[in-house]
Structure formats: C-alpha cells, structure tokens
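Novice: Now for the letters of each chain:
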Amino acid sequence: MNDAIIYLEDVTVSYDGFKALSRLNFFMDRRELRVVIGPNGAGKTTLLDVISGRVKPEHGRVIFGRNTDLTVLSENEIAALGIGRKFQTPSVFVNLTVWENVELSLRRPSKGVLATLMSRDGGEARDRIAATLDTVGLGAKGGAPAGALSHGEKQWLEIGMVMAQDPELLLVDEPVAGLTEEETARTGELLLSIAAERSVLVIEHDMEFVRQIARTVTVLHQGGLLCEGPVEQVQRDPRVLEVYLGQRGSASRDAVEATR
Amino acid sequence: MAAYSRRDFLKGSLAAGAGVAALGFPNIITAQGKEPIKFGVLHSLSGTMAISEVSLRDVVLMAAEEINAKGGVLGRKLQPVVVDPASNWDLFAEKAKQLLLQDKVAVVFGCWTSVSRKSVLPVFENNNGLLFYPVQYEGEECSKNVFYTGATPNQQLIPAAEYMMSKEGGSYKKFYLLGTDYVFPRTANKILRAFLLAKGVPKENIEEEYTPFNHQDYQTIVGKIKRFASGGSATVLSTINGDSNVPFYKEFGNQGLRSENAPIMAFSVAEDELRGMDTSALVGHLAAWNYYQSVDAPQNKKFVNAFKEYAVKAKLPGGAKRVTDDPMEAAYFGVYIWKQAVEKAKSTDVDAVRKAVYGQEFLAPGGKIKMDEANHHTYKPVLIGEILKDGQFKVVSRSKGLVRAEPWSAYTSPDKGCDWVKEKGTYQKKA
Amino acid sequence: MRRFALALIVAAWLAAPAVGHAAAPAADVERALADLAGADVERREAAVAVIGKTGDPKWLAFLAALRDGSVYARKKGGQLEILVGGSKSTQGDKDVIEIKSAYDGAPLGTMPVADLIEVSADRRLRIAIKPFLDADETRGQFADPDANVRRGAAIKLANQADAGAAPTVEAALAKEKDPWVRQALAEALALIRLAHGDAAARAAAATTLGGLHSLSAVPALKRLEGDAGASPAEREAASTAIKKIERWTLLTTTVETAFQGASLASILLLMALGLAIVFGLMGVINMAHGELMALGAYTTYVVQNWFRASWPQAFEAYFLVALPLSFLVAATAGVVLERGVIRHLYGRPLETLLLTWGASLIIQQGLRLQFGAANVDVSSPGWLSGGVPVMVGVTLPYNRVFIIGLATVCVAAMYWLLFRSSAGLRIRAVTQNRAMSACLGVRASMVDATTFALGAGLAGLAGCALTQIGNVGPSLGQNYIVDSFMVVVTGGVGKLAGTILAAAGIGALNKGIEPALGAVFAKVAILIAVMLFLQRRPAGLFATRGRNAEA
Amino acid sequence: MLKPDRLLLWVAALVLVVGMPLANLLPPTSPLHVSNFTLNLFGKFLTYAILALGLDLLWGYAGVLSLGHGVFFGLGAYAMGMHLMLEIGAKSVYQSALPDFMVWNQVKTLPFFWRPFYSASFTLVAVVLVPGLFALVFGFLAFRSRIRGVYLSIITQALALSAWLVFNRNEMNLGGTNGLADFKTFFGIPLNQPSTQRLLYVITAVALVGAWALCRWITRSRAGKVLVAIRDSETRVLFSGYSPANYKLFVFVVSAMLAGVAGALYAPQVGIITPAKIGVLPSIEMVVWVAAGGRGTLVGAVLGAIGVNWIQSWLTTSYPDLWLIFLGALFMGVVLFFPDGALGAFQRLGQHLGALLRRRPSAPMSSTPIQSIGETNVSRPASRTGHPRSEPASPTPLQKA
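For the record, the sequence lines run as chains Y, B, L and D. Numbering (my numbering) for the first sequence: 1 to 260. Numbering (my numbering) for the second sequence: 261 to 691. Numbering (my numbering) for the third sequence: 692 to 1242. Numbering (my numbering) for the fourth sequence: 1243 to 1643.
Rather than coming from a laboratory, the hints here were simulated on the basis of the structure. A couple of the hints might just be wrong.
[Stated by the list, open to error] Computed cross-link-like contacts, EDC-like style, restricted to lysine to aspartate or glutamate with a CA-CA straight-line distance of at most 16 Å:
(1) L:K766 x L:D726
(2) B:K486 x B:E520
(3) B:K654 x L:E809
(4) D:K1426 x B:E603
(5) B:K649 x L:D813
(6) D:K1333 x B:E603
(7) B:K337 x B:E385
(8) B:K404 x B:E603
(9) B:K654 x L:D726
(10) B:K330 x B:D611
(11) B:K486 x L:E937
[Stated by the list, open to error] Among chain D residues calculated to face chain L with C-beta under 8 Å, some are:
(12) N1347
(13) L1352
(14) L1569
Using N, Cα and C, we set each Cβ at its ideal position, and we do this for glycine too.
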C-alpha cells in the first residue's frame, strides 16, 4: 500500500442532494494504467474532479503519493504536484501556437507571475518541447495556431501538454471520443507508451478501446464502486452485465453523445 | 431655417478658424472692418444638462439674430460659434480653450452649473477672455473675466426666506432646507441657515438634507418632512435640481402634504423645468426668481412672442409651446449688455469692453436692469412667484426697486467684498 | 389682528347658523365687487371680508371660485362686471370659456378668454378668503358622501383649532360612521378643547389625544407639558399622552419603512425581471434595457397626450391603455434589436454588452431628438394620486401600492408563462440545449425573438409604471440600469426566484439603512454588501450547482 | 535592418514625442505650426492612450472586461489634483490656505488624508500606489472568488457607480461635483505658461512610450502568453499549474496603475478633475477606445484612444446632436463587423493588398501586415470563436455545442 499513487477513502460528493459519489473507496498503484467505466451518472468524471481538486468532497480523504491530502489544495497546486488532467472535449489555447501551448504546460520550478515574467526558455527547455511535440506527432506543426488544428490533433496536443507537465498521475477523460478508427488506435498506443513510466487513469465508454488498453478495470455505479479486476473478469461479472453491458444501448448512446 | 443658417455660419467660422489657426495672420483678416464678430456659445446640447442649457443656446442665438437684423454691432454682423461641451466638465474647459484660442471669439455666452463655470474660469482668466454667465448662483466668486447676469444669493434666497417668514407669506417658523448635493445648494443653505439663525429661528427648527443628482426615490425624505411639519407652520426651502423635482413633488403630494399646510419654496424650478412636470402636484407651491414669463410688461410680451416665433421658425422641439424663464432672460439681456458695451467702447477688445460694461443699463424683458459699477454682477428685481395649473407663475411679491448683487453674502462672509475698480477683485473690508 | 377678527366673525356665524340671505347683492357688496377687480391689495382684502360676512352660500361659492382663480371681469358699459368662468374650450382658433353670473352662477353663455380680465387671488387674498370658506366648506364637506372630503375638512379644523368650530365638529362626529373620519373629527375636537377648554377639559383632551395617537398634537401637548401655569393634572396627562404618541410614532415609522422597502423592491423587481429573463435565458447582457424602459415611458406620454386631445372625458383611463401599449412598443423594439443585431452574438455575453450599450446611446439620442432634451410631463390619473390611510399616521400612496401590485402580477405571469405554458417549455428547451431542441423541431430563432420580446416588453411595462413616480426624460434608463443589474447578479442568473429574493432583499436593506446613512451611502453600502455576498456565492443566490461543465 | 512597419511605428512615436512640441515652437506663420490648443488637446489624448494601454492589457489579452477603470483614472487624477490644490495655497479666491471648496463647505482644518499630499514625492508615489492598492483589494476579492466574465464587468460597473456617488458627496472633502479645479502651478511651475503645457505634453508622451514598452515587455514574456491562455481556457491554465487568479490580479493592478498615471497627467493639463470622469459612462467610453482601435494589439489601443477622442472633439463642435449617435454606431459597428477594431480592419486590408502584390514576382514592399508590429496579435477572427470558450462562467447556456 505504500507505493500507492492515489488513494480515496470513503469520499462523498453531492450536488444539491444528488450523490455523485457516495462513500467511494478507490486505490491505484504507481505505473498502473487503470480504466474506469460505468453508465452515465455513475460519477466517473466526478472522480476525476475530486482528484484534480475541481470538486471538494464533503466527506472523506484523497491522498496523493505518501501522505499529501489533496482536499485542501487548489487545482493549480495539485497540478504542480504532478497530477495532469486531459479533458473530454479538447481544451487548448486556440490563440497560441502549438509550440506555445506546450511551452506553457512545461513543468517548471515556479509558475508564479514574477518567475513567468522574467524567465526565458533555454535550449534544454526547447528540446523538451520539441520532443513532446514529436511524441504526439505534431513536430511539424509547432508554428501553427492551435485553433487551426483538427479535432484529433487537438486531442493529441492536449495529451502532449499534459505530458509536458511531466505528471506522476495522468487523468484522461474519454480520450477517443469522436476520433476515427485509426486515430483511436494511435491514441491507444500513445497512452500505453505513457503508462510505461507514469500512472494513468482513463475514463472510457468505448469498450473496444478499453479492451485494447486496459489491464485493470474499475466499474462505478451510482457513485459507488461496483467491481474491479481484469477486463475479461469484469465483463463476466453479472452485476456489471446488469448495470452496464446489459444496457449496451445506453453505452452506445453515450458514445454517440460523446461524438457531439 | 435658422438652424441651417447656423450650420452655415458654423462651417464658415470653422473654415475661417482653421485658416487662422493654420496660416495664422488674423490681423489681416480682422483689419478690413466688415468682417463679422465671432462670439462663442458654450452650452451643453447633450448629456444631463441639455435639459436646461439648450434653451439658453436658443435664446442667445435669437438675440444675435435680432441684433444682426438691426445691422449688427459697429456695423459688423455677429457670427455665433456653437459648441457642445456635452455636460462634460472637462470638455467645457477644452471647448472654452478652443473658442478663445482657435476661433478667437470676442465674447462667450455660456455655462449653467457652477462646476462648468469653475472649470472654464482658469481658461478665461489665463487667456483674458470674456464670459457672460446667465444663471443664478451661489456667489462667493469675483472674476475679472466673467459678468454674472444671474442672481446672487441676496437677490433670491434671502428675500424668499424673508417672504416665508412675513405675514402674507404665512409667517412660517420651521424650515426644511432640502437640496441636491452640489455647490449651489450647499452654499445657498449655508447662507440661509446663517440668515435664519440671525433672525432668531431656533436651531432645532432648521433641518438640512442633500440628495445626489437625479435622485428619484423621495419616500424616506418626504416621510421625514411629514414628521417635521406635523403641527403646522413648517416650510421647505428647496434647492433640488431640475431632474429630481418631479418625483419629489409627487411623493410630497401623495403622502398627504399640501401647499396650504407646508409650502415648498423652490430656488431651481423655473418655467422651463415645469414644462417637463405634471404640475398638478406643484400648484400653490412657490419659487423665487428675478423674472417670470408671466411678468406683465410690454417688452416681455414682445420677448415671449419673439421667442415662440423663433422656436417655430428654427423648428426647435416644442415649437410654440416653448416658454421663457429667468436664466433665459438673463442670457438674453447679457447679449444686449455686451452689444451696448462694445458700441460704447467702439471695439471688441476685452479690457475696453469690460470697462464699458460697468454701469450699463438695459430694459430687459423683466424690467430695467443695471450692471454694477464694480463687482461684475447685476442689479435685479426679486420676484416671489406661485406655481399655477398651467406651469406658469403668479407673482405674489416683488422687491421695491432693484436689489444690488452681493457676491459675498453679508451673512457668511461680511468681511469680504468684490470690486474691480478700486480693488483687485475680492478684497477684505476694513472693519 | 385682522385674521383674529375674521375668525370671530366666522365663529359668530357658525354659532348662529342660517342667517337670512340677501336676495340681491346689497350696495356694499356691489362696491366690494368693484374693489375686487381693482389693484389695491388692502381694499381687495376688505372686499373679501364684506362678501364673506354676508354668509350667503352663493357668495361663498363665489369666493371659492375667486380662490380657485376662475373669476373674471369684463368691460360692460363704463365699469367692470365680475363673472365666474366655467370650463374652457377651443372654438376655431381661439379659446372660449363659459361664463356665469357672480352671484347665483346663472349661465351667461360663452365668450373668448382673450376678452376677459382675470381677477386673480394672490396668496394674501386667499388667506383672507380661507376662514369664510372653511366655515362654509366644512359644512358642505361634512355632508359630502366622500369620506376623504369629510376627513380633509376635519383635519383643516384641527389645524385651525378655532373654538367656534367645536359645535360643527360635534354635530359631524355624532352622525359620522367612517372610522378614519371619526378619528380625524375626534382629534380636531380634542385639539380645539386643548386650545380653548378649561383645565379639566384640557387634561381630558390631552388624554384623548394620547389615545388617538395624534402626532399633530405633539407641539401643543409639549407646550402644555412645559406650561408652568397649567395644573399638575394637565401636565401629567400631557406627558403621558406624549409618551404614548411617541411610542406609536415609532411603530408607524417602522411600518412606513417596511412599505417603502416593499415599494422599492417591487420597482427593482419590475426593472430586473425583463433583464433577468434575457440575461438568464439567452445570456445576453442588455445594456439597452434602460432605454427600452424609456421607450415604455415615452409611449405612456404619447398615449396621455392622445387622450388629452381626443378623449378628455376618458382621460382617467389613459394609463390602462398605456400599460399594454408600452409593453408592445418596447417588445417590438426588442425584436428589432434581437433580429437586427443581437442574434449574431449569441454565446458572447461581453460582445452583447458592448453592442447593446451602443444601441442604448442611439435610442437615447433618438428620443432626445424626437421629444427634446427636456423631460416631458406625464400626469397621474386621479386614481393613482393621493393615498389610502391604513393606520393613524400612515398613508400609503396609491401609485406605489399599484406598482407593488403590478410587480406581483408580472412575476406570477412570468412563472405561469415559463413553467406552465408550452411556449415556456420551448423557451426552456432552447435554453438548455439549442441543438437538441432544434432537432425536436423547435424553431430556436423564433424562441429567441419571443424571449427577447418578452424581456423588452417587461422593460416597457416598468418604464410605464415609472412614469407614475419618477420623471420621463431621454436618460431615464441610465438612472436604473446598474441597480437592476445588481439585482440580477445577486439573484443568480436564470433564476426568477433568485431575482425576486434579491430585489426584496436589496429594497428592504436599502430602505432600512437609508434613514441612518442617507441615500448615497445607503446605496454604496448595498453595493459593498453585494460584493461581499458574491464572495460566498460567486454565481448569486440560486446558482445552478452541479457537474462542472467541461473547460 | 528595421521592417518597414516597425519603422512606421518609430516614426509615429518620434513625431508624437519630439515633432509636435517642436512644431509648437515654430512661429504661428509657418504651415507646420501646431497651436498651443492643439498641443494641449493631444496632451489630453495621450493620457487617454496610456489608460487605454492598461485596459487593453486587461481586456484584449486576459479577456477581463473592466467597466470601472474610470475609478482608477480618477484616483490618480485626484491624488495629483490634491497636491496641486495644496500648491495653490492662499492664491485662491478665498485667500485661505485651505482649498476653496473646503471654505464654502465650512471645513476649518485640513482633513488628515490631505496632509501627506503637501509632499511632492509622496504625491508622485500615491499617483501610482493608490489606484494600485485599490485595484489590489478589489481584484483580490473579485478574482479569488472566481467572479468572471460578465459578472466581473457588472461588479466593476457597480464599483464605478458607487465611486461616482461617493466622490460627488461633499462630506468626502474631495470637492463634490466640482471636483478639484483652478490649479495654479505644477510643482512650482506656473500652469498658464505655454512652455509648461509643452513640458507636460512631453512628459505625457514619454510616459506613453514607457507604458507601451512596459505592456509590450509583459505581453512578449511568457506571462503575456499565460494571459492569452487564460482568455482562451481558464480551466486549462488552472490545470497546467498556473493560478489564473494571480495573473488576472497582476494585470488588473498594472492596468489600474497605468490608469492612475494617466489620470495624474490629465489633471494638470485639463486643469480640472471631477467625479464626472469616474462614473459609469466615462468608464464604458474608455472601453470603446480600445474596442475601436483594436483590442489585443497595443498599437490599436493607442490609436483608438486618440482617434475616438479626436473625432469627439470635432463632432461635438460641428454636429453636436450627432455625437452620441455616432458613438453608439461606432460601438455596434466595431462589435459586429470589426471585432479586432480599426487596426484589424487595416491589417486585413493590408493582407489582401499583400496577396495582390505577391501575385507579381517583385513585390515592392514587404507584405507583412502591420500586425507584426511588436505584439502577438491575439484577436484575429479566430478569437471570435475564442471568446465564449474563454468564459466558462459566462451565464450563457446557449453555447453552440
């Protein structure tokens, strides 16, 4: 348990009565790639919100690494600790160039106003930016305004930005929503390669994709943990079939919705 | 029509002005005498003060047309340069500079609010310009470059207060001084308070209160007045500025206060403001001015009709429904005083004209008026008027003869005086 | 001196009512009439006394006419004939007026106003006339069916506190039913006794006044309390009465403040409602809201003039016509604005803010060019002027009561429209998911237009209502816009309930602290309060919390 | 070797700073002569330009629209005005050591907060610090609680209103509606001399150049990019480890300070400062300057401030009635058709021309449009779609999915 990267202890979050998470316990190892699935309203995104500090739980603890309590920190502090988050719909800085997007995301000793005003990037930083851009296959487009990228390219750029933060834990929300087959495959490889030296927590609807990348799968249901384990085991689990795969309809509808 | 001719004037003047500014040999132009005399009109045509000031522009332009029709001044036509300071005090300063430095006007007629006057004052003093200021004001000013054709406190406030205390006024004993929060009401009430105390009115019988510009909600204040006036013999001396009067009078009436029980004596409500009011709530209340449209004099009838005709001719909004009031009269005869002075001085040179203005007399619509020999202010009659259904005033009391203007009130600064002949403006009186 | 004499005369006359009437004007009256037409103030005053002394109701009616400024003189033969003017009208190019004889008001046909000399009654003359009429009027008025008239008469007598009036008051009190009039009569009686009665009577009167919570008696009571000559009993009674009245005043003041708060709140609500709808449902910051209000106000003005010109007899009703019309006019303007420009900017609130501000400037100057820079006069219909007494010392102005009512109605209507009607369903659908509702066949553009029209219309309505309390000028909107925005922001966008609560809160708070801080600092305090409030709830009272939208 | 457009910029700056005052020295007869009036007028415009720069930094870059900058302008102007008032001393109408308005307000002793302004050095500091501190407190409250987008605009507007109300109040001992006026000297130099006006002009021009350099330095630094990023996607910035609140606060304070400097230079040149400069309307007008010139480009802001005011002082003379209509139309036009302002319009024109020229083998001049002058031009048409995204808190539920 001492090499846990993230640890949630009966966390409860509710919006105006509706319990998005109820007494959830969640645990994740270092260098683990974990996929969280579950029907709509199961609390998947809320889970990421809690970890990344966007939502403060009413009850429970969120421990990062050894003993850092995230519930008292703000989003940017958490990010600085080394937790990166990739949103569902790509959010990049459309008015900056691809290069600048990564440049801003780069992990730095200080991201305070003064430091940012003063410092100029040295060669070493530029190399890291260039490297990141290459890994996400945007090496050629460094000068282009991010607004001009295609949907898929934006997704990768954002992943690149998150990687540039050099996070220990990477939170990824439906990375392949609305991507073509081929883009999806590439994204999968990308995530796997990242997972080699980082912990990655992925939320996904697309079961094909899940099978491609997943080792361990966690199923959330109504804000609680339903079951956890290897893909095939989970898929065989009757409860899961009931609440989730049972209604593949909904799953696919979610997929449709996600492509909006 | 006149509007257009004004436009053309304007274009002309601008061109000339530009020419002067760019090529800069004014002496050549003005050398050949028949060149028109340019004068500035500095009144807000937009913004909050437009309500009051537009009429002043109109009446000044009318006076100029009259004079031109009679052959102008020194055989030269008058040519207006109209600018719009847009109720924007620093724009006043800028426009004043423009009129004096760029258009090189011989005289400027303008300003309404004290703040606008104060903002142009340095401009006129630094560039030795000449301003005719037509509105009743708080006094305590004595500028070499300004002639004040409006009333000073002693020509309006004091007589009004005396009237309210007098028997025919209703011998009132309690006074609620209510005003908009700016320099005129503040100073006015300072003087009124000093006067009332001097007349033995006990402190607790004087209330003083100020509301911000275009304040709308008078519920609380009228409530206070109601309690203040309970038991009778109380009156309100109001220096509330134009815009806030309607809500005030309405609330006053609706909360059951009547002019018989607690009349309001207003110092800033004239015919022109009443145009925009539902007068039913105001009937029977009072005001103090030096002129009313209802003044019964042949030259006044002529003036009023002339203005209505002018309004129709120039297609001004309101047309024949337009009315005349005290500041308009003051603005009007200001132009004539200047004309007479120029003719006396045989030149438009500011210093010559200034000396010529001293002691000038003129049969103004409201009756004969006279410029002071030294203090740049005007001898005027004081009239207490009562508001009628039709938004006109019935004169209920009139001063015996003309009252001399005291820029420095005898009640607040008895030691000060204003004299530009024997002294250098404001001076300390020898005890 | 003179006044006292008059008072005595009146008293005498009141005590012995119904003196025989002179059939035709006696010589002295004739002379008096002649004097009236003259200019000599003293003689005119004397003339009034002469006419008044006849005690002839017809002559008193004449005096009343004189006071109201409807007495004229016309040259007839050598001298002037005094006439009473009736209603004026316009025949062809000149104003004509009905004329009646001075004494019995027998109609003498009409004649041009220009040919008549107005016989004016200045303040001094009216003061001379007052006592005669008061005496007579009070009689008539006490017989009047309208309770307010009777009450007015009672209050008048109370202010004068003439000993002679006592019998009249008693008589009236005997047969009076209406509680408010009774109250006023009792007060008058007590005041008279307090002024003229003996020690015992005074003490009793003092106690009564205390019981009546008569605020206007306080000065007299204070005098009595401090009067060394008075008996301890009186002074005791006086001081207890004063205490009683003061306690009551405290109560009335609180009630008044509460009402004022409610009134302000309802005004804020009326203004903010439209804003809230447009802002909340469409994300449009409508800076031109104030100018739409101005449009509503000017519509009212136009309608009023129209009635004045065409239907003077139905004038009272003009406001009822103006209300819907101002709604329509503003709504139309709203649609033009929305279809014309705003629709290009959905989803860009800041742009709409700038755009609508530009629009507001144009509308404003447009109004200025059309109607002139000066304010225009909108007179309140009779049923919206004056007020209704609810408790001793508290009169609620009708116009404010009306606005409170109007606001309530509007809110109710909005609720029904948004949450009970199909149109409302469509609006909310588009609000929540434009694309989806478009798929479901809702014409989003149509809905946008309607919503905006609705908001604008409400602004117009508010403007119309405001004509009854404020003034109507081109920059009318400027005075209100920021306040309305504060309400909307505090309330939380898109939440009617929030808007209502915020309006109520701000209104009450404002009126609560205004007596202490004065108008300006009260307002500033409110703004600071809102600022701090937003610290706790950045999205207002009823912010929709929930799953955070994606970045 | 300077690019032609860069050259253009330097020439413009040179004309403003050196050219104008020199032209003013020429004899009135020479065709190049610039009258005192014009010089003074431009001096005023330049102060506006300084303010516009700050506002642009805040709005054009960080996407924070403040409708309350009149307040900071006013604070700076009043700070300077108070010192100048005290300089008048007994030369005033009332021949009292107290400022005139205090005399007629029956204020017997100088209020405590006036005393420090006797010191020139304190004044010079206060001119910057007072608005700065005020902005710091206000901004801290606002940004800490994540009041964003329209909410912030409305709050700042409320700020302008209440400040206006307060400054109008005579009890504040700041001159009420009349404000502070009738200054006689500027740090000892008599103000009514043309030479003084010329000096003031030069100071202002230099200050403008300084302000421009400062803003340019900020926008060029990574912090500048962070600002743009905040406008694009505040959440992304947050999750990249930056604290948007701090950056906004920083730029808010900087722009407030610039506004303060502008005000301080404004007061002596115009000779009066009143609450009318603080209220809601003036504050919004300041936004128009930036919008009209081209938000997101420093040069645009300067152009806008000078241009709009120039037009105003012309229109209010020749067509008084039309001024407001023009202003409104300008506003709507800019928002609807030129979201990137006049400069943006020029640029697109330039680009078209450039395209045309590039057709021919030898384009006579470089086709680089003016946009590359200094700034990263952040508000190209792309930013139109950029805007709604940039306001997660914007109450619009109507964002096109």
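Novice: Now look at each hint and say whether the structure bears it out.
Specialist: To see whether the hints hold, each was checked on the structure:
no.	hint	verdict
1	L:K766 x L:D726	holds, 14 Å
2	B:K486 x B:E520	holds, 14 Å
3	B:K654 x L:E809	holds, 12 Å
4	D:K1426 x B:E603	violated, 35 Å
5	B:K649 x L:D813	holds, 14 Å
6	D:K1333 x B:E603	violated, 35 Å
7	B:K337 x B:E385	violated, 26 Å
8	B:K404 x B:E603	violated, 20 Å
9	B:K654 x L:D726	violated, 20 Å
10	B:K330 x B:D611	violated, 26 Å
11	B:K486 x L:E937	holds, 15 Å
12	N1347	violated, 16 Å
13	L1352	violated, 23 Å
14	L1569	holds, 6 Å
Hint check: violations occur at hints 4, 6, 7, 8, 9, 10, 12, 13; the rest are consistent with the structure.
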